[in-house]
Amino acid sequence: MSTKEAAPWESPTSGESSSRSLTICRAQREAVDWEMEHDERVFMMGEDVAGFGGVFGTADGLGDKFGSDRVIDMPISETGWIGMAAGAAMEGMRPIIELAYVDFIGVCYNAIVNHAAKTYFMSGGQFKVPMVLISGTGAGYSNAAQHSQCLHATLAHMPGLKVVSPTNAYDAKGMMHTAIRDDNFVVFLVHKGASGVGFMGPLVKTSLSDVPQEDYTVPFGKIKVYREGTDVTIAGVGLAVHQALQSADSLAKMGISAEVVDIRSLVPLDREGIIESVAKTGRLVVADEDYHSYGVSGEVIASVIERDATIFKAPPQRVCIPDVSIPFSRPLEYSILPLEERITSAALKTIENV
Amino acid sequence: MSTKEAAPWESPTSGESSSRSLTICRAQREAVDWEMEHDERVFMMGEDVAGFGGVFGTADGLGDKFGSDRVIDMPISETGWIGMAAGAAMEGMRPIIELAYVDFIGVCYNAIVNHAAKTYFMSGGQFKVPMVLISGTGAGYSNAAQHSQCLHATLAHMPGLKVVSPTNAYDAKGMMHTAIRDDNFVVFLVHKGASGVGFMGPLVKTSLSDVPQEDYTVPFGKIKVYREGTDVTIAGVGLAVHQALQSADSLAKMGISAEVVDIRSLVPLDREGIIESVAKTGRLVVADEDYHSYGVSGEVIASVIERDATIFKAPPQRVCIPDVSIPFSRPLEYSILPLEERITSAALKTIENV
Amino acid sequence: MSLPTSIRRSMFETMVRSRFWDDRLTTQYWIDKTPVFAFGAGPLPGELHTSHGQEPVGAGVCAALSDEDMITTGHRPHHIAVARGVDLREMSAELFGKKAGLSGGRGGHMHLYDKRVNFSSSGIIAEGLGPAAGMAFARKMQKKSGVALSFLGDGAVNQGAFHEVMNIVGLHKLPFICVIEDNKWAVTTHKSMSTACERNSDRAENYGMTGEFVEGNDPELIYLATQRALERARSGEGGTILEIETVRLSGHFMGDPAGYITGEKSDYQVDPVPVYRARLIDDGILTEQEASDIERVIGAEVDEAITFALDADYPDANDALNCTFA
Amino acid sequence: MSLPTSIRRSMFETMVRSRFWDDRLTTQYWIDKTPVFAFGAGPLPGELHTSHGQEPVGAGVCAALSDEDMITTGHRPHHIAVARGVDLREMSAELFGKKAGLSGGRGGHMHLYDKRVNFSSSGIIAEGLGPAAGMAFARKMQKKSGVALSFLGDGAVNQGAFHEVMNIVGLHKLPFICVIEDNKWAVTTHKSMSTACERNSDRAENYGMTGEFVEGNDPELIYLATQRALERARSGEGGTILEIETVRLSGHFMGDPAGYITGEKSDYQVDPVPVYRARLIDDGILTEQEASDIERVIGAEVDEAITFALDADYPDANDALNCTFA
Ligand SMILES: Cc1ncc(C[n+]2csc(CCOP(=O)(O)OP(=O)(O)O)c2C)c(N)n1
Ligand SMILES: Cc1ncc(C[n+]2csc(CCOP(=O)(O)OP(=O)(O)O)c2C)c(N)n1
Ligand SMILES: [Mg+2]
Ligand SMILES: [Mg+2]
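Protein chains in written order, with the numbering used here: chain Z, 1 to 354; chain S, 1 to 354; chain P, 1 to 326; chain Y, 1 to 326.
It cannot be assumed that every hint is accurate.
[Said to hold, decoys possible] Stretch by stretch, here's where chain Z covers chain S in the computed footprint (C-beta under 8 Å, at least three residues): (1) 117-129; (2) 139-151; (3) 154-161; (4) 306-318; (5) 334-343.
[Unchecked claim] With beta-carbon atoms standing in for the labels, derived distance ranges: (6) P/Arg116 x Z/Gly61: 35 to 43 Å; (7) Z/Asp69 x Y/Asp67: 49 to 57 Å; (8) S/Asp249 x Z/Lys349: 49 to 57 Å.
[To be verified] Dumping the calculated DMTMM-like pairs for lysine to aspartate or glutamate here, alpha-carbon to alpha-carbon at most 20 Å: (9) S/Lys313 x Z/Asp308; (10) Y/Lys143 x S/Glu214; (11) Z/Lys205 x Z/Glu340; (12) Y/Lys140 x S/Asp39; (13) S/Lys65 x S/Asp33; (14) S/Lys280 x S/Glu341; (15) P/Lys140 x Z/Glu40; (16) Z/Lys349 x Z/Asp231; (17) P/Lys143 x Z/Asp39; (18) Z/Lys128 x P/Glu68; (19) P/Lys173 x P/Asp267; (20) Y/Lys115 x S/Asp69; (21) Y/Lys144 x S/Glu40; (22) S/Lys128 x Y/Glu68; (23) Y/Lys143 x S/Glu272; (24) S/Lys280 x S/Glu228; (25) S/Lys313 x S/Asp231; (26) S/Lys128 x Y/Asp293; (27) Y/Lys144 x S/Asp69; (28) Z/Lys349 x S/Asp308; (29) Y/Lys140 x S/Glu228; (30) Y/Lys144 x S/Asp39.
Calculated directly from the structure, the hints in this document are not laboratory data.
Even glycine gets a Cβ: it sits at the ideal position worked out from N, Cα and C.
Extracted from the complex, chain Z is given alone in its bound form:
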């Protein structure tokens, strides 16, 4: 096990079991490993992936296993090598590229959104661009304004990209298989705080899951209901889902039954699934660690109300970053994150407001 990798809460008890409790980071890597073993078109490219395994451990051990011809270290030239990945995909390869922090899309946004995402369309279907961009999102560890963003909407807004963000190990592995086998450009975002990388401290228990040894896929475009409830729907993305689960515990103690929905796939977005949940509860809180305005929260709320003007028993609530840059200092940072307390009080607002 790499120094970069935290031990999962529980480890396999028997060599026979086909599943073990894994972290997101390990689970997704297992899928990459499997696909690289079974499909020679698949290769990995990024900064510090070959020897180091990527800053967040997404490629740990893969360099040793597959060699530096298939796990390829690149200079700090993201426009260059993400463009290259797109070109390699156009020529029949299936690159998996690692951009450690999603904040870095600033320097390669054109290669992502104007080139790779649009080539299939602009070529009228002649050139497919099957590739996966893995990137780490999120704040909460005092890494400040340029290494803590989620940028969910900045990516999901642009046509031609699929954008997913699993929140537990089972989904991470299954969605990574799906991503690599997809003929399109998939952006695969994992919140650093939930990934299980050793730099990020104690594991988030609810991010661990029993993961089969075998390959399997988890389809995109379907929400996951983590916890059923009847009074209020809390729909979240990324780490906010785990905060929502804690919030649901707190709410339960107050006699409020919260349904916790993991959006997990931003494009395609499971509008039906979300609406179904809200139709049941009549109340909605969206918890998203991306910026408040012009983001996921607005989209989710609009998607619900545009289907049924009478669905809400109370105004929906948003718990996001309040349109400021992520501050460094812990009390500042914690105050703007979509943490349990804020989610709980937003949920309570929907109840009080009946």
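Please build the complex by placing chains S, P and Y with the ligands on the supplied structure of chain Z, with the hints as guidance.
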């Protein structure tokens, strides 16, 4: 008059009148001209601005008037010179930079959103970054996927940027004065189709207005009600506002009274103003030439419903680009634009659905 | 100069084809765009960047290529596409926005793709460099042959992508040729105002690449330089920055009268097509009659392609929605 | 070598101050980060990139500067900030997230700003280049003096911004120095794996700039080279790419054991602080006693800054909301 500039519909009839009917493009340039005359900190930078006046005429004549030291041509190095503009602003200048097509933000997104937009915050207020980024948005003239985007949300989502988009000459001049005098980084977007540039054919009549000779400001963060109505609110951005005005005409013929709201300032967003209009009409159509999902339309709708769960008499409607790249071919392109017919039928849906 | 006659003839034909096509497009372009000019009006809408003057680059480079070689280029792709053998009817149909177009009308003038001949173009400056390098990289991984070429202008070199990709090409000794078409202008900006060095090919050495500069907009010198670059690429010696002096005879786009190209800066504005024609006649490669025959035949071919495009159907509106995801 | 004693002494002091500060930070960093490591834990949270080994660059360059000169730098700013005279108490307070910090705790370790000494740093690779060039540009427009310096690493040079900005610096002959700190590593990637040429300073010529390479991580050679570059910048001769050989003695960030720096690749890993101390003693500039006195005084100064930071108050949560717009 430059070859790049279309003549406004009406011209001044007397030398004494303090206002004349102008195009957006001329009106905004007048503000730049005034500010450059009165404030030596103001300068302009971009590609082909000095001699050519910018592809869309935003700097026409300014190079001749102020010389190539204050209207500065740059190489095709947007990351470089937008970074430079930010640095110059940090050192007390007030740069106005021209990025002809907003689509090009792909190659300089980091300089815009991670550096210029965040410096004031990250420096705890030590370094102000007063600058204006002028850019052309929009489709409708067969310029295809990489030269037709609006990207409203891609910019407005990011904290630290003010984002405005005037739709008529009066606002364009007043908002340009406001932008240049603002101590922050302002993104000033004008839809090419409404700007009055000669490359774009006949002028959009409703974009012309009588513009005072004198300097004046139009504040950010206030909607403009173009036309009052009682049955449905059509809130638009950019060229879609002019389509909405046509739609209101059509609706009027059917006996439906539409209120047409120009959002015009995305950051800050006048949520109160929009809600006030919807409170009156009970119905909302958002018309935005940006992509549908994770964009302006979702934000506007969510901003209304989160204030009052019972405000809508019918599900709100969105008329946007349906999450595809902008196609080149005219029938394809027209079919996805937020044109009058689509707006009208969306408005009718809100009425039928009562 | 000892180029085979067939190649010289064929390069002339390519130049004529490209020129005629651009001329026909120019005619079509102005339909319905007067008296009020609008990019969006007429049968041939949008911005249009013709290649008038740059034909030798397309002809010379592409004549040296093999089928498996790959091309990416930018906003001024006509001469390269024609030289590469992109289907002229389908390409015309694409420009007219027809269903029979290369991309069914979705791509348009700046986004020409023809997978059959490994060709693609796109409209953001220098954007094709990374993809071309990636194509070369893919072939290396697949142990397949094929050199990737990316064409860009003298203005485009100033985009950061150039630096990033050249360095990676050098590091990985990729089979890659960066073709710089130095027509001295980027829209209205003269190279002397955009570029701090005289020759971009001089930058090659510090990228672990070979630099070559080709003077005179001469298809034959271009052909020979390309051959050398291909040879190096194929034998594992890595990439070349091939900077080619050429000329933009037209405005930057249609509607640009290019009034800024005056005096000294216009002296080199010599039309290469009649020059090459005269040279082949002088050299006894063609008779005047043969040259006219070529022009007549190619004229008919180009007319036919334009007619095909004009007659073709527009796509169904729904086609806008059906090509976002594979 | 004929540097004034006062400068040599002062450079030593600067190196000691930087080193001591980094050492104290290292101690603080690990508080509450064991047994379970977490970037976010403890009094000094976040990633942290110390400057161990690179002190000569900060000391040598900054000793040559005037007050009006301007600096931008990146994710590893400590040695430069200390050398530039950024307030040590406020900078410490910033790193500990306190209200008394340079940015009131909003910026943090990668975003250190001190307008009083024209200093700023930021965390995206090579991002400071454009702003520095723009600062130089502003001064030119304002007819004020002042040279802008942007520091970046050997890895950062491969970012496209380098190419774009160097070219503009050359075109406009800006008073600008690009200081490349060549410590041979970018996280775990050795320069030989990231850069297709031996010396980035060789690239200067084709940017219309002067290139200088300084060997040996020697503050005095660095000082002298900086002086020459400043002289050129101030006299209108334009910019310099000043590439400086240095060494990263620590991991890339705290928590990186840097196990990849082994064998041959570690031979040059010599600590410059004791080397310079010994040299000044050898040269009779300092006695052993004076050197120890300096260390004691600076140690106390640094301790005081850390104590100040530890004792300072955290900001109010509301401060997160009050600094987005001016
Ligand atoms: C990133 C980006 N910036 C600006 C433009 C606008 N633009 C299109 S072509 C062009 C000039 C290109 O000049 P050059 O590379 O010399 O090619 P040429 O037109 O001479 O063939 C510019 C500035 C663009 N398409 N993309
Ligand atoms: C655009 C971008 N890509 C990647 C990173 C992650 N990153 C931070 S420092 C670094 C290595 C920098 O190496 P170098 O420039 O040599 O500086 P050094 O750390 O050696 O001082 C990387 C890859 C980043 N911050 N920004
Ligand atoms: Mg050119
Ligand atoms: Mg380094």
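Tested hints:
1. 117-129: holds (count 4)
2. 139-151: holds (count 3)
3. 154-161: holds (count 6)
4. 306-318: Holds: 11 residues of the stretch 306-318 of chain S have a Cβ under 8 Å from chain Z.
5. 334-343: Since three or more residues must qualify, the claim that chain Z covers the stretch 334-343 of chain S is violated, with 0 doing so at under 8 Å.
6. P/Arg116 x Z/Gly61: 35 to 43 Å: 41 Å, holds
7. Z/Asp69 x Y/Asp67: 49 to 57 Å: 53 Å, holds
8. S/Asp249 x Z/Lys349: 49 to 57 Å: 42 Å, violated
9. S/Lys313 x Z/Asp308: Measuring from Cα to Cα gives roughly 10 Å; hence the hint holds.
10. Y/Lys143 x S/Glu214: 31 Å, violated
11. Z/Lys205 x Z/Glu340: 15 Å, holds
12. Y/Lys140 x S/Asp39: Roughly 17 Å between the alpha carbons, so the hint for Y/Lys140 and S/Asp39 holds.
13. S/Lys65 x S/Asp33: Distance ~9 Å between S/Lys65 and S/Asp33 Cα, so the pair holds.
14. S/Lys280 x S/Glu341: 24 Å, violated
15. P/Lys140 x Z/Glu40: Given pair P/Lys140, Z/Glu40 holds - Cα atoms ~13 Å apart, limit 20 Å.
16. Z/Lys349 x Z/Asp231: 12 Å, holds
17. P/Lys143 x Z/Asp39: 15 Å, holds
18. Z/Lys128 x P/Glu68: Status holds; Cα separation ~18 Å.
19. P/Lys173 x P/Asp267: 39 Å, violated
20. Y/Lys115 x S/Asp69: Answer violated: Y/Lys115 to S/Asp69 is near 26 Å, above 20 Å.
21. Y/Lys144 x S/Glu40: 14 Å, holds
22. S/Lys128 x Y/Glu68: 18 Å, holds
23. Y/Lys143 x S/Glu272: Violated: Y/Lys143 and S/Glu272 sit about 46 Å apart, past 20 Å.
24. S/Lys280 x S/Glu228: 10 Å, holds
25. S/Lys313 x S/Asp231: Answer holds: S/Lys313 to S/Asp231 is near 10 Å, not above 20 Å.
26. S/Lys128 x Y/Asp293: 42 Å, violated
27. Y/Lys144 x S/Asp69: With Cα atoms ~15 Å apart, Y/Lys144 and S/Asp69 stay inside 20 Å; holds.
28. Z/Lys349 x S/Asp308: Cα-Cα ~13 Å, so holds.
29. Y/Lys140 x S/Glu228: Between Y/Lys140 and S/Glu228 the Cα gap is close to 52 Å, so the pair fails against 20 Å, i.e. violated.
30. Y/Lys144 x S/Asp39: At roughly 17 Å apart (the allowed maximum being 20 Å), S/Asp39 and Y/Lys144 satisfy the hint.
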